[in-house]
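Guided by the hints, dock chain B onto chain A, whose structure is given.
2 protein chains.
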Amino acid sequence: MKKVEIVLSSLPMSGGDGPNSYSKNSHLQRRTTSLLKEAIDKLIIEKLDAKTLISGSNNTFRIADLGCATGPNTFFLVDDIIRSVETNLRRSKSTKPEFLVYFNDLPENDFNTLFTSLPRDGSYFAVGVPGSFYGHVLPRSSVHIVVTVAATHWLSSVPKDVVDKSSKAWNKGKVHYSNAAKEVVKAYENQFGRDMGKFLEARAKELVSGGLLVVGMCGIPKGMPFSNLADGIMYTSMAEVLIQMQSKGLITEEQVDTFNIPIYSPSPEEVTFLVEKNGCFTIESMELMNPAAWLKRPMNVEDVRQWMVCIKATMGSLFINHFGDHVLDEIFDRLTVKLVGLTEKIESSYREKLMMFFALKRK
Amino acid sequence: MKKVEIVLSSLPMSGGDGPNSYSKNSHLQRRTTSLLKEAIDKLIIEKLDAKTLISGSNNTFRIADLGCATGPNTFFLVDDIIRSVETNLRRSKSTKPEFLVYFNDLPENDFNTLFTSLPRDGSYFAVGVPGSFYGHVLPRSSVHIVVTVAATHWLSSVPKDVVDKSSKAWNKGKVHYSNAAKEVVKAYENQFGRDMGKFLEARAKELVSGGLLVVGMCGIPKGMPFSNLADGIMYTSMAEVLIQMQSKGLITEEQVDTFNIPIYSPSPEEVTFLVEKNGCFTIESMELMNPAAWLKRPMNVEDVRQWMVCIKATMGSLFINHFGDHVLDEIFDRLTVKLVGLTEKIESSYREKLMMFFALKRK
Numbered sequence: 380m381k382k383v384e385i386v387l388s389s390l391p392m393s394g395g396d397g398p399n400s401y402s403k404n405s406h407l408q409r410r411t412t413s414l415l416k417e418a419i420d421k422l423i424i425e426k427l428d429a430k431t432l433i434s435g436s437n438n439t440f441r442i443a444d445l446g447c448a449t450g451p452n453t454f455f456l457v458d459d460i461i462r463s464v465e466t467n468l469r470r471s472k473s474t475k476p477e478f479l480v481y482f483n484d485l486p487e488n489d490f491n492t493l494f495t496s497l498p499r500d501g502s503y504f505a506v507g508v509p510g511s512f513y514g515h516v517l518p519r520s521s522v523h524i525v526v527t528v529a530a531t532h533w534l535s536s537v538p539k540d541v542v543d544k545s546s547k548a549w550n551k552g553k554v555h556y557s558n559a560a561k562e563v564v565k566a567y568e569n570q571f572g573r574d575m576g577k578f579l580e581a582r583a584k585e586l587v588s589g590g591l592l593v594v595g596m597c598g599i600p601k602g603m604p605f606s607n608l609a610d611g612i613m614y615t616s617m618a619e620v621l622i623q624m625q626s627k628g629l630i631t632e633e634q635v636d637t638f639n640i641p642i643y644s645p646s647p648e649e650v651t652f653l654v655e656k657n658g659c660f661t662i663e664s665m666e667l668m669n670p671a672a673w674l675k676r677p678m679n680v681e682d683v684r685q686w687m688v689c690i691k692a693t694m695g696s697l698f699i700n701h702f703g704d705h706v707l708d709e710i711f712d713r714l715t716v717k718l719v720g721l722t723e724k725i726e727s728s729y730r731e732k733l734m735m736f737f738a739l740k741r742k
Numbered sequence: 380m381k382k383v384e385i386v387l388s389s390l391p392m393s394g395g396d397g398p399n400s401y402s403k404n405s406h407l408q409r410r411t412t413s414l415l416k417e418a419i420d421k422l423i424i425e426k427l428d429a430k431t432l433i434s435g436s437n438n439t440f441r442i443a444d445l446g447c448a449t450g451p452n453t454f455f456l457v458d459d460i461i462r463s464v465e466t467n468l469r470r471s472k473s474t475k476p477e478f479l480v481y482f483n484d485l486p487e488n489d490f491n492t493l494f495t496s497l498p499r500d501g502s503y504f505a506v507g508v509p510g511s512f513y514g515h516v517l518p519r520s521s522v523h524i525v526v527t528v529a530a531t532h533w534l535s536s537v538p539k540d541v542v543d544k545s546s547k548a549w550n551k552g553k554v555h556y557s558n559a560a561k562e563v564v565k566a567y568e569n570q571f572g573r574d575m576g577k578f579l580e581a582r583a584k585e586l587v588s589g590g591l592l593v594v595g596m597c598g599i600p601k602g603m604p605f606s607n608l609a610d611g612i613m614y615t616s617m618a619e620v621l622i623q624m625q626s627k628g629l630i631t632e633e634q635v636d637t638f639n640i641p642i643y644s645p646s647p648e649e650v651t652f653l654v655e656k657n658g659c660f661t662i663e664s665m666e667l668m669n670p671a672a673w674l675k676r677p678m679n680v681e682d683v684r685q686w687m688v689c690i691k692a693t694m695g696s697l698f699i700n701h702f703g704d705h706v707l708d709e710i711f712d713r714l715t716v717k718l719v720g721l722t723e724k725i726e727s728s729y730r731e732k733l734m735m736f737f738a739l740k741r742k
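These protein sequence lines map, in sequence, to chains A and B. Residue numbers for the first sequence follow this note's numbering, beginning at 380 and rising by one. Residue numbers for the second sequence follow this note's numbering, beginning at 380 and rising by one.
Just chain A, same shape as in the assembly (with noise of 0.2 angstroms):
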């Protein structure tokens, strides 16, 4: 049972409930489980056999949201599984189980904000679980569902060779492998494989035979270039808003080419390879969904800022720790400005089917 240790260049998501915290700008994800909502919804009426899993398990469901953040989304989507899992036991006409519910994300995630926000109705027991999901984090056939949403696309960390001047794959003068050379791509997609890998590893002795693992995450068609997405442009212009910066004296060379942006979008394909490698699956369900309401078109200047204030909640810790937070106002500032001359040019990228959905099931 020893966990694996992992160097994570993935922060946790802004702690607290301020006006720049992560729980009160969330509200894409928001946007994007509501979405997942219905697909859960009919997963675990149609695929899920409630009645036997609890009969083994005390009357006890125990679902468990890995990348839980510090709330309010986790508790929607919490909500929606119960209720789902209720009626499939209703159907079934099985007496009502209590409900445990493991919140898990990084030791580092602000806990406090989660547990002090907590729905106090009684419908569940909640518990926080502290640690990295490309390790084990509970027992061994401990749990009956579990979810992730947005959070399987954040790498363990940056991939070595694309911060290594001697490689290949060094990435200079960019934040991501959008638009960059081949060898930074296969780095990134490299390094996709083998924490998905140890993902799935992680959850098959987690999850109790007949048990269900639902994914939620950012996604691509096979063999689309990342650069054709309203996220690729962005990162470019991130990479042009840094350099503009460097050569005003305010963040380094080196902290430029040492950056990057640990996330990375599988195609179904990559994913289905990945899954069958495993072994331990079935799969139930594997698409790429089109998160619609993300961003409207024709786009303004206020989607813009909506946007990367999303943006910053969700990845400024990563630019803290690497550049230092003092210049963190300034690089989403400059961001901002360079997007919203950049908006024909977004609305006219792909956006259609960004999110992947797959649902697997423990043999």
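No lab work stands behind these hints: they were computed from the structure. Treat the hints with care, as some may be off.
Where chains are identical, the list cannot tell them apart; a pair therefore holds if satisfied intra-copy or between any two copies.
Unchecked claim - In silico PhoX-like links for lysine-lysine, alpha-carbon gap of 25 angstroms or less:
{"no.": "1", "residue 1": "627", "residue 2": "577"}
{"no.": "2", "residue 1": "416", "residue 2": "565"}
{"no.": "3", "residue 1": "584", "residue 2": "430"}
{"no.": "4", "residue 1": "561", "residue 2": "539"}
{"no.": "5", "residue 1": "565", "residue 2": "717"}
{"no.": "6", "residue 1": "724", "residue 2": "742"}
{"no.": "7", "residue 1": "475", "residue 2": "717"}
Quick look at chain B alone, frame taken from chain A:
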């Protein structure tokens, strides 16, 4: 499964890990834990059928520490328990189980500090459970050993009557039932009875049959007045300090009269009565111990200072909540000076068997 709503005037320990934090000033509690170590070890080895328990539980052994605060004492305690369970299982030639440890405290406890200081040796899975242990915090039959040290003498709230001007139990000008009217003592005693009743009821649900409930807390021999204790002298001095500060206009009379410390020391006979009333447990151990090294005699100025640093870390938030944080230091500075003048009296106080240890087995 409706959770009991409890108005908590007993606040969590001081958070963080700074010089005034609980985590840096709980060495007196640590000594208490060491004293308990031997008793708990003996109990687990002799009274626990660990083999049967894990066989009905997926080979996972579950331990809960209720009122864990921020560490590090809870980590030592849990390590000791795990070692004892392992010894027990080795003797019965059982497979080594996985351990899951539930760390519980109030939702306002500093779980962030707890989680970032967790040992990362992978010897157990750690989860945090926010909630008052006077209600249910875990599902039915979900835990094998519950331990709680230095926590259950904290009442769920100040007894209502002691802050009610129209009641005979109104505790004007005092901060505790030590040296107070018999109605005040009775109000505290009743509150403890109700709280311990709820505590036992919740644990009876959460523990599996054959599971152990192990408690270390403040105690007192039957019939002894609290004023015979060093803590009694401290509470009397505390009230005097508050009245002095009131006369200087630093705090109000209303504030002084409504401030009471919700701590109660029961006798073994009181606890035995409550356990028998509950009916779900057998008593495996019930004794008063001597927390020997607590205060050395003869007592010097440094001993008093250390004692007060501990009390401040433990009770500080109670004072801050009631009087505001601007007077905290002054209260404790004055109290320290006063107690330094009373060392002779403190030395002659009863300080023998003031730690209660009891262990119950779920029928």
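Up to 25 angstroms CA-CA - residue 577 versus residue 627, copy category: neither (42 angstroms within a copy, 65 angstroms between copies)
Homo-oligomer pair classification [residue 430, residue 584; C-alpha up to 25 angstroms]: both (21 angstroms within a copy, 22 angstroms between copies)
How do residue 416 and residue 565 come out at 25 angstroms by Cα distance, when the copy is not named: within, between, both, or neither? The answer is neither: 33 angstroms in one copy and 54 angstroms across copies each exceed 25 angstroms.
Within, between, both or neither: how does the pair residue 565, residue 717 come out at a Cα-Cα threshold of 25 angstroms? Result: close neither inside a copy nor across copies, 29 angstroms intra and 71 angstroms inter.
Alpha-carbon proximity between residue 724 and residue 742, which holds within one copy, between copies, both or neither at 25 angstroms: Result: close neither inside a copy nor across copies, 46 angstroms intra and 70 angstroms inter.
Up to 25 angstroms CA-CA - residue 539 versus residue 561, copy category: within (15 angstroms within a copy, 71 angstroms between copies)
Within, between, both or neither, where residue 475 and residue 717 count as close if Cα-Cα is 25 angstroms or less: Intra 54 angstroms, inter 59 angstroms, cutoff 25 angstroms: neither.
The earlier numbered hints that this structure contradicts are 1, 2, 5, 6 and 7.
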